[in-house]
Amino acid sequence: MHRPVSTYVTFSCHHRIGAALRGGGVQRTLLCLALALVFGGAARASTDGFESMLGELAGKSFRRKSEAIQAIADSGHPAAPRILRALLESRAFFAPESERLLLDVADSGEGVVVDAITGEATRVAFESGRRKIVLNNAMRRLLRSLVARAGLASRDPRERRQAIKELMGRDDPEIQALLREALEIEQARDVRSLLETAIAIGALREDDADAGSDAEARLRAIEALSGSLHNESRIALDGLLTRLESRQSKSSEEEAQIGAIREAIDAIDRRKVGFEILETLFFGVSLGFVLVLAAIGLAITFGVMGVINMAHGEMIMLGAYSTWSVQQLMPHHLESSVLVAIPVAFLVSALVGVAIERGVVRFLYGRPLETLLATFGISLFLQQSVRTIFSPLNRAVASPSWMSGQWVLNDAFALNYNRLWIIVFSALVFAALIGVLHRTRLGLQIRAVAQNRAMARAMGVRGARIDAITFGLGSGIAGLAGVALSQLTNVGPNLGQAHIVDSFMVVVFGGVGNLWGTLVAGLTLGVTNKLLEPFAGAVLAKILVLVFIILFIQRRPRGLFPQQGRSAEA
Amino acid sequence: MKKRRLETMLAAILCSIAISAAAAAEEPIKVGVLHSLSGTMAISETTLKDTVLMMVEQQNAKGGLLGRKLEAVVVDPASDWPLFAEKARQLLEKDRVAVVFGCWTSVSRKSVLPVFEELDGLLFYPVQYEGEESSKNVFYTGAAPNQQAIPAVEYLMDEIGVERWVLAGTDYVYPRTTNKILEAFLKSKGVKEADIMINYTPFGHSDWQSIVSDIKKFGSAGKKTAVVSTINGDANVPFYKELGNQGVSAEDIPVVAFSVGEEELSGIDTKPLVGHLAAWNYFQSVDAPVNAAFIEKWHAFIGSPKRVTNDPMEATYIGFNMWVEAVKAAGTTDPSAVQKAIIGVEVPNLSGGRSTMLANHHITKPVLIGEIQEDGQFATVWETDGLVPGDAWSDYLPESKVIEADWTSKLDCGNYNTRTKKCSGQNY
Numbered sequence: 001m002h003r004p005v006s007t008y009v010t011f012s013c014h015h016r017i018g019a020a021l022r023g024g025g026v027q028r029t030l031l032c033l034a035l036a037l038v039f040g041g042a043a044r045a046s047t048d049g050f051e052s053m054l055g056e057l058a059g060k061s062f063r064r065k066s067e068a069i070q071a072i073a074d075s076g077h078p079a080a081p082r083i084l085r086a087l088l089e090s091r092a093f094f095a096p097e098s099e100r101l102l103l104d105v106a107d108s109g110e111g112v113v114v115d116a117i118t119g120e121a122t123r124v125a126f127e128s129g130r131r132k133i134v135l136n137n138a139m140r141r142l143l144r145s146l147v148a149r150a151g152l153a154s155r156d157p158r159e160r161r162q163a164i165k166e167l168m169g170r171d172d173p174e175i176q177a178l179l180r181e182a183l184e185i186e187q188a189r190d191v192r193s194l195l196e197t198a199i200a201i202g203a204l205r206e207d208d209a210d211a212g213s214d215a216e217a218r219l220r221a222i223e224a225l226s227g228s229l230h231n232e233s234r235i236a237l238d239g240l241l242t243r244l245e246s247r248q249s250k251s252s253e254e255e256a257q258i259g260a261i262r263e264a265i266d267a268i269d270r271r272k273v274g275f276e277i278l279e280t281l282f283f284g285v286s287l288g289f290v291l292v293l294a295a296i297g298l299a300i301t302f303g304v305m306g307v308i309n310m311a312h313g314e315m316i317m318l319g320a321y322s323t324w325s326v327q328q329l330m331p332h333h334l335e336s337s338v339l340v341a342i343p344v345a346f347l348v349s350a351l352v353g354v355a356i357e358r359g360v361v362r363f364l365y366g367r368p369l370e371t372l373l374a375t376f377g378i379s380l381f382l383q384q385s386v387r388t389i390f391s392p393l394n395r396a397v398a399s400p401s402w403m404s405g406q407w408v409l410n411d412a413f414a415l416n417y418n419r420l421w422i423i424v425f426s427a428l429v430f431a432a433l434i435g436v437l438h439r440t441r442l443g444l445q446i447r448a449v450a451q452n453r454a455m456a457r458a459m460g461v462r463g464a465r466i467d468a469i470t471f472g473l474g475s476g477i478a479g480l481a482g483v484a485l486s487q488l489t490n491v492g493p494n495l496g497q498a499h500i501v502d503s504f505m506v507v508v509f510g511g512v513g514n515l516w517g518t519l520v521a522g523l524t525l526g527v528t529n530k531l532l533e534p535f536a537g538a539v540l541a542k543i544l545v546l547v548f549i550i551l552f553i554q555r556r557p558r559g560l561f562p563q564q565g566r567s568a569e570a
Numbered sequence: 571m572k573k574r575r576l577e578t579m580l581a582a583i584l585c586s587i588a589i590s591a592a593a594a595a596e597e598p599i600k601v602g603v604l605h606s607l608s609g610t611m612a613i614s615e616t617t618l619k620d621t622v623l624m625m626v627e628q629q630n631a632k633g634g635l636l637g638r639k640l641e642a643v644v645v646d647p648a649s650d651w652p653l654f655a656e657k658a659r660q661l662l663e664k665d666r667v668a669v670v671f672g673c674w675t676s677v678s679r680k681s682v683l684p685v686f687e688e689l690d691g692l693l694f695y696p697v698q699y700e701g702e703e704s705s706k707n708v709f710y711t712g713a714a715p716n717q718q719a720i721p722a723v724e725y726l727m728d729e730i731g732v733e734r735w736v737l738a739g740t741d742y743v744y745p746r747t748t749n750k751i752l753e754a755f756l757k758s759k760g761v762k763e764a765d766i767m768i769n770y771t772p773f774g775h776s777d778w779q780s781i782v783s784d785i786k787k788f789g790s791a792g793k794k795t796a797v798v799s800t801i802n803g804d805a806n807v808p809f810y811k812e813l814g815n816q817g818v819s820a821e822d823i824p825v826v827a828f829s830v831g832e833e834e835l836s837g838i839d840t841k842p843l844v845g846h847l848a849a850w851n852y853f854q855s856v857d858a859p860v861n862a863a864f865i866e867k868w869h870a871f872i873g874s875p876k877r878v879t880n881d882p883m884e885a886t887y888i889g890f891n892m893w894v895e896a897v898k899a900a901g902t903t904d905p906s907a908v909q910k911a912i913i914g915v916e917v918p919n920l921s922g923g924r925s926t927m928l929a930n931h932h933i934t935k936p937v938l939i940g941e942i943q944e945d946g947q948f949a950t951v952w953e954t955d956g957l958v959p960g961d962a963w964s965d966y967l968p969e970s971k972v973i974e975a976d977w978t979s980k981l982d983c984g985n986y987n988t989r990t991k992k993c994s995g996q997n998y
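Residue numbers (the numbering used here), protein chains in the order written: chain A, 1 to 570; chain B, 571 to 998.
Worth flagging that the hints you see were computed from the coordinates, not collected in a lab.
The C-beta atom is built at its ideal place from N, Cα and C for all residues, glycine as well.
Any given hint might turn out to be false.
[Stated by the list, open to error] Quick list of simulated restraints, FRET-style, between CB atoms: (1) G274/A <-> K876/B: 48 to 56 Å; (2) E866/B <-> R180/A: 54 to 62 Å; (3) G377/A <-> P652/B: 18 to 26 Å; (4) G377/A <-> V743/B: 26 to 34 Å; (5) G274/A <-> D822/B: 19 to 27 Å; (6) A858/B <-> D156/A: 40 to 48 Å; (7) Q406/A <-> G634/B: 53 to 61 Å.
Required output: the full structure, derived from the provided sequences and hints.
Listed below in structure tokens is the structure:
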């Protein structure tokens, strides 16, 4: 399907003229007009025809809707870019009674709805039974490329970069022509280099007959892609290499090209290996911090107090449910609800923790087996209560936008924002906990009771009160873990069970009663797991880690950092 | 003397039988419900329990069955596989139910199978499964692999032009068997070993970073790539979240899932999932009057207009109606009579067609492919022309190709080997 370039050009031109009048990008506007002239005038459809195209969008057949989208793009109607963008971002509605297409133009919250053709706010917006236009993947792909073509002429360099990335590696001579034109007027250096890469990729993908005449240019293109981290570069190089190698007889120029391609691919792979190692390490560290966060609450209740708390996982679950509840209570403040949830989750879990300690655990000190069974009972009780109160279905916790997506450093290396924030959060919680235990009076008392209960009481520490606070602190931190986990996984009644075994593993491996041990153990297990996963698969990696811990505990029963001194014997 | 005592005893027994038979005319017909209401699987199975209760209520409103009322006996096997067998025995022996609707996971079905065969009960199993089974006592109203997995892969191959395949699943029997069938199918279509990536993860896997990153790398070889996911319920949320965060969109690498339905989506933030696919035999969004009526009844019964319907609910609906029709045809609830009467029974399904119970105890169904929309519903993008008959033994596995199931008097066997002409050789 060959579309005249003019159609894409014209609808980007409407933007450009406006921009030029505001005193920017005169050159780009001229390009637009020139292109439009070169490729012939735009065939502008009558308004009636345009409306019937929009009507098509409300239909059921995806094939006809795709055709309508293409027709809208080809029409060169001034409203076309706005409509295509709204469709892509699923902000387009159809009002069946007045047969109008509506666009939701507000960014969030209370929507401002405009008529698609006039772009003015309309009363039709409140008509009942308006339906969202349903798209499928093929239509989305088409829309993305159409919007990207328009984006090449955008004033915002970020949008231009986005558009180039979208168009990179598409087998379409018009797109190549558009990219070359764009390069001529591009000022920004990073956009220029991206454009050059895209054009080089296009050069490699061209038919050999066309390119054969200009072996020199092709060699330059290959060299331009050497070490390029874009996926498309590697694909284009690979494709050309296979094509050249399959030839029966090769000219000396072609031999030279094959050599150059091999070098270029090697350079790409060398650069990529480094980033892959970094990526794996990041995955490991982020998993490690999740483990640490889930385990440090347990490190306090189990490590410091010696209580085997099987309900620890359910404290995490309560924290996650608190996050969900907070989000339900403040539906219009999605961005900040997670932050509000942090203290709420801490308090909820801490209070339930104190209640468990006062109600059950305190009668069972010194009887680990009974504590284990009693807390296991509590964990089942809490799970089933959550099932009854919130239903057994999982609850959807939305992620705020600052926790979604990736921080893209380059095409081979990007860090997930949610993981980054959880690492930061986890480290802060850990630091705060260490601070409380070592820098405050309460911390001193907690440590005193943990080391020698009788002596501490003789010194005037109220043992029972400290026990309750310590248990509450451990549970509260588990609640904080729940806030973090709600951003990563399901919020459901089974959330806790999934993490209790891992948490015990980390605490035992790190050495009971030692918070630094928990940190080191969590990170070690996380990184080991992620290093093993690519070779062994997720299932085997988990088994290997467990076997490793069992062997380790055989050699060093007290973990990585055992407690020293007399308190260790208690 | 001794003889007379025997006689009186016999008389007494006969008497009591007569009395109980007379009482039975008024006694309700008991319908067993064997779905987990607590534990891991409660998330999915509770809904099916409610569906059966709704069907029972509706049947009673219509005047019951054979002039008797229906009474549901609900037990909770608590997502505990051995407990499934115990509860099944309790339903059949103690409560003397006429039929059981139940089970979700394959392992729970395998666990109750010997009980149903020993006590000759009836089990209607409403969930899509891996096939390779056909029991005299079980009726499979969910999809067999040829009614879900194979058509989905054909759709991706023919309509989307997918050339590279990631088969990702949770590590248990359903994904392993399904992926084995799919791998054989793909290879039969000329897909190379290097273009298939198989990955298994533990139950409830929550850290998908490296796997998604691997999928991304696998998918960046310049060929259209798709993920065929048999990942089990709970692990899906972090999987899709990770896909969204790493910027894998449905246009680049679509994921087609066999265990993600409306119910599962209601617990997920669906924004990053838009455009990913699912293959089922029913979607709530199906535009059919019978479906609209069912949804309305469901909302009234459950008391919330927000609750969704899904494919296993439709399978339960079909199974229940088939059983009712078979009992009417047989004039009794006696299991062996119902087993004979039900083959060939045809009832409406919720997508506007009619499903038939086949001789291999599977049913005919349409196959729909839907794309996830922002509201957690599916938009149907493709469907089979007609109904697809369920195949108990996959034709793509060499060992099961020769096996046939036919419970009519022709074979009366669930695993007839056409090569050796013997009714054995396979354990179901």
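Hints versus structure:
The supplied range of 48 to 56 Å is met by G274/A and K876/B, whose beta-carbon atoms lie about 50 Å from each other. Checking the proposed 54 to 62 Å range against E866/B and R180/A shows it holds: the Cβ atoms sit about 59 Å from each other. Hint check: G377/A to P652/B, Cβ distance near 21 Å, so the stated range 18 to 26 Å holds. A beta carbon spacing of about 32 Å between G377/A and V743/B agrees with the range 26 to 34 Å that was offered as a hint.
For G274/A paired with D822/B, a C-beta distance near 25 Å keeps the hint of 19 to 27 Å intact. Remark: the range hint 40 to 48 Å for A858/B to D156/A is upheld by a beta-carbon distance near 47 Å. Between Q406/A and G634/B the Cβ separation comes to about 60 Å, which falls inside the hinted range of 53 to 61 Å.
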